[in-house]
Amino acid sequence: MRLKLISCEIFYREMCAAVARSPHRVDVEFLPKGLHDIGSPKMSARLQEAVDAVDAQRYEAVLLGYALCGTGLVGLTARAIPLVLPRAHDCITLFLGSNQRYLEYFQNTPGVYFKTSGWIERGETAGRLTQLSFGNSGEGFSYANLVEKYGEENAQYLWEAMAPSYRQFSYIEMGVEPDDRFERQTREQAAERGWKFEKLQGDMRLIDKLVAGGWDDKEFLVVPPGHRIVARYDESIVGTEEVDIP
Amino acid sequence: MPELWKLHDAILNGDAKTAVAVTQEALAENVSPLELVQKYMVPAMDQVGQRFECEEYFVPELLLAARAMKGSLALIRPLLVASGAEPVGRVAIGTVKGDLHDIGKNLVSAMLEGGGFEVIDLGADVSPEKFVNAVKERGAKIVALSALLTVTMGSMKNTIQALKDAGLREGVKVMVGGAPVTEQFAQEIGADGYSENASSAVALARKLAAA
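Top to bottom, those sequences are chains L and U. Residues in the first sequence are numbered consecutively from 325, following the working numbering. Residues in the second sequence are numbered consecutively from 712, following the working numbering.
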C-alpha cells in the first residue's frame, strides 16, 4: 500500500522509526506541535487543510499521527480516501502503547507531567511548562516575554497562575533515542524543581500498528470517505458520522 | 468624589493597585458598595469577556482583570454581607479529580464572584466526595465542574453520580466546562448546563439559579 502519514511532530523520532519498519510505502508530513495550543477549531481547520492537500490518486489512506487531542480532531472529514487514527485521548496513549496503561498510570500518579524526546526537542514551547491549551493563548509565553508585555509584577503573578501544580516528571523512553540525553535533561529539570522523577519504558506497539496497517476496530478508527470524526464519550473515544460533501 | 470610572478601567486593564485604591476611596466617601459592583465592576468584566471572545484579550489579560476585580471585591464583600445583601446563589467550583489545570476554573470563579455569586472554590483535583460535602455541609446550590484533559472528563460523570448516590442531585444544578467539554457531552452525563467560556458561565449560572 501507499500511505500518507500526517503526524504531530511530537512523534518525529517514533514515526520515522515506524515508517522505516513498515511493509508499506509511507510518505510523511509533520505538522507543528504548536497546533495543540491554538484551540480546537483552528487545529482541526489546519489538519483539514493538510488532509485536503493529499493527492487521493496516489494514496490508499491518510494516517493521522494524532489522538482526539482535546477536541482538536473533531469534525475532520475524509474526502476521497479514508482517514485512519488511533482511538486515544492524547499522545500519551501512543507513547505508552495502550489507553488502559495510560489511564491506570495517570490515575495512580497524581500531578504527573510526561516527557519524551518530542516534548523536549520539538515545538516553540519545547521543554516549557504551560497550560496554554486553555482557550486562545495566541502565542507561547516565556517568562521574559510576559515581563516585557505585562511588567515584572504582573509577570510574576501570571507565571504562577499559569503553572499548574505538577509534582512529577515521567520520562517515557521509546527505544529510538540516540542516548540518554533526554532522560538526563528531564532528571535535571525534576531536580531543579524538587519534583519526583520516574522513567517509563514506552511501547511502540500502537505507533507501529498505525504505520504497518491492520487497523483493528478496537484500537483504530477508519473514517470512510464522506464521514467526519466525532468525539464519543465511552471507551471507543472517537467515532464517525456521515457528512454531505458539497 | 472619587472618579469611579477609574475602577471600571482599572479592572478592564488589569490594574489591581488602582482598582483597590479607587475602591477604598469610594467606600471612604460612602459610595454604595452595590453600586460599585453593579455599575462599574460587572460591566468591566463583561467587557473583558467580550474582548476575549473577539481575541483582543488572551488568558493573561483575563487573569489580570480577574485579580483586579477580586482585589476590589475583597474590600466590598464584607460590607455587602453586613448590609444583608443576599448573594445571587452559592456555587461550589473546582477542577475534577485528576485534573490540575485550573486557569479556566479560576477565571469562572472570579467572573461568578464579580457577578454576585458566593463562590466556594474547592481548588484543583477535587474528588467527588469533596463536591458532595460542599453541597451537604455548605449549602452550595450550583456545582461547577471544570476539566482540561479528555482523560479526566470521566470524573465529571463520576461527580454527578456521587451527588445522585448521596441523594443530593435533585437539589443542585450542575454546570460543566473546559476545553474538551461540549454541549453534547454535558447532556450525555446529565449535567444541567454547559458553558463555552468564563463570561457566558455567569449568564448560565444566573439562569440555573433562577430555575
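Calculated directly from the structure, the hints in this document are not laboratory data. Be a bit skeptical, because a hint or two may be false.
Unchecked claim - Quick partial rundown of chain L residues pointing at chain U, CB under 7 Å, derived from the structure:
| hint | residue |
| --- | --- |
| 1 | 355 |
| 2 | 430 |
| 3 | 467 |
| 4 | 471 |
| 5 | 478 |
| 6 | 480 |
| 7 | 485 |
| 8 | 488 |
| 9 | 489 |
Unchecked claim - Simulated crosslink set (PhoX-like; lysine-lysine; CA at most 25 Å straight-line):
| hint | chain 1 | residue 1 | chain 2 | residue 2 |
| --- | --- | --- | --- | --- |
| 10 | U | 875 | U | 852 |
| 11 | L | 473 | U | 728 |
| 12 | U | 875 | U | 847 |
| 13 | U | 868 | U | 841 |
| 14 | U | 781 | U | 868 |
| 15 | U | 875 | U | 781 |
| 16 | L | 473 | U | 847 |
| 17 | U | 781 | L | 473 |
| 18 | U | 868 | U | 918 |
| 19 | U | 781 | U | 728 |
| 20 | L | 542 | U | 868 |
| 21 | U | 781 | U | 750 |
Said to hold, decoys possible - Listed next, the stretches of chain U that the computed footprint assigns to chain L, with coverage defined by at least 3 CB atoms under 8 Å from CB atoms of chain L:
| hint | region |
| --- | --- |
| 22 | 770 to 782 |
| 23 | 820 to 833 |
| 24 | 838 to 852 |
| 25 | 896 to 910 |
For glycine and all other residues, C-beta sits at the position ideal for the given N, C-alpha and C.
Structure-based check of each hint:
1. Checking residue 355 (chain L) against chain U by beta carbon gives a least distance of about 19 Å; that is not within 7 Å, so the hint is violated.
2. Checking residue 430 (chain L) against chain U: minimum C-beta separation of about 6 Å stays under 7 Å; hint holds.
3. Because the beta carbon of residue 467 (chain L) sits about 12 Å from the nearest beta carbon in chain U, more than 7 Å, this interface hint is broken.
4. A cut of 7 Å between beta carbons decides the hint on residue 471 (chain L): the least distance to chain U is about 12 Å, and the hint is violated.
5. For residue 478 (chain L), the shortest C-beta to C-beta distance to chain U is roughly 6 Å, which falls under 7 Å, so the interface hint holds.
6. With 7 Å as the threshold, the beta carbon of residue 480 (chain L) stays out of range of chain U, its nearest partner Cβ sitting at about 12 Å, so the hint is violated.
7. Hint on residue 485 (chain L) holds. Least Cβ distance to chain U is approximately 5 Å, under the 7 Å limit.
8. At a threshold of 7 Å, the smallest CB-CB gap from residue 488 (chain L) to chain U is about 4 Å, leaving the interface hint in force.
9. Contact between residue 489 (chain L) and chain U, as hinted, is supported at the beta carbon level, the nearest pair being about 6 Å apart and thus within 7 Å.
10. This hinted pair checks out: residue 875 (chain U) and residue 852 (chain U) have alpha carbons roughly 14 Å apart, not beyond 25 Å.
11. Using a Cα cut-off of 25 Å, the hinted pair residue 473 (chain L) and residue 728 (chain U) holds, with the two alpha carbons roughly 18 Å apart.
12. With a C-alpha separation of about 12 Å, the suggested pairing of residue 875 (chain U) with residue 847 (chain U) holds against the 25 Å cut-off.
13. With a C-alpha separation of about 15 Å, the suggested pair residue 868 (chain U) and residue 841 (chain U) falls inside the 25 Å cut-off, and the hint holds.
14. Note on residue 781 (chain U) and residue 868 (chain U): the hinted pairing is violated, with a Cα-Cα distance of about 31 Å set against a maximum of 25 Å.
15. Restraint check for residue 875 (chain U) and residue 781 (chain U): the C-alpha separation of about 33 Å exceeds 25 Å, so the hint is violated.
16. Note on residue 473 (chain L) and residue 847 (chain U): the hinted pairing is violated, with a Cα-Cα distance of about 44 Å set against a maximum of 25 Å.
17. Straight-line distance between C-alpha atoms of residue 781 (chain U) and residue 473 (chain L) comes to about 22 Å, which keeps the hinted pair within the 25 Å bound.
18. Taking the CA atoms of residue 868 (chain U) and residue 918 (chain U), the gap is near 22 Å; set against the 25 Å cutoff, the hint holds.
19. The suggested pairing of residue 781 (chain U) with residue 728 (chain U) holds, with an alpha-carbon distance near 11 Å, which does not exceed 25 Å.
20. Restraint check for residue 542 (chain L) and residue 868 (chain U): satisfied, since their Cα atoms lie roughly 23 Å apart, inside the 25 Å limit.
21. Among the hinted pairs, residue 781 (chain U) with residue 750 (chain U) is consistent with the structure: their alpha-carbon atoms are about 16 Å apart, no more than 25 Å.
22. A stretch counts as covered by a chain when three or more of its residues have a beta carbon under 8 Å from one of that chain; for the region 770 to 782 of chain U and chain L the count is 5, and the coverage holds.
23. Restraint check on the region 820 to 833 of chain U versus chain L: 0 residues with Cβ-Cβ distances below 8 Å, three needed, restraint violated.
24. Check result for the region 838 to 852 of chain U against chain L: violated, 0 residues qualifying (beta carbon to beta carbon below 8 Å, three or more required).
25. Judged by the Cβ-Cβ criterion of 8 Å, the region 896 to 910 of chain U is covered by chain L as claimed, because 4 of its residues qualify and three suffice.
In summary, the structure is inconsistent with hints 1, 3, 4, 6, 14, 15, 16, 23 and 24 from the numbered list given earlier, while agreeing with the others.
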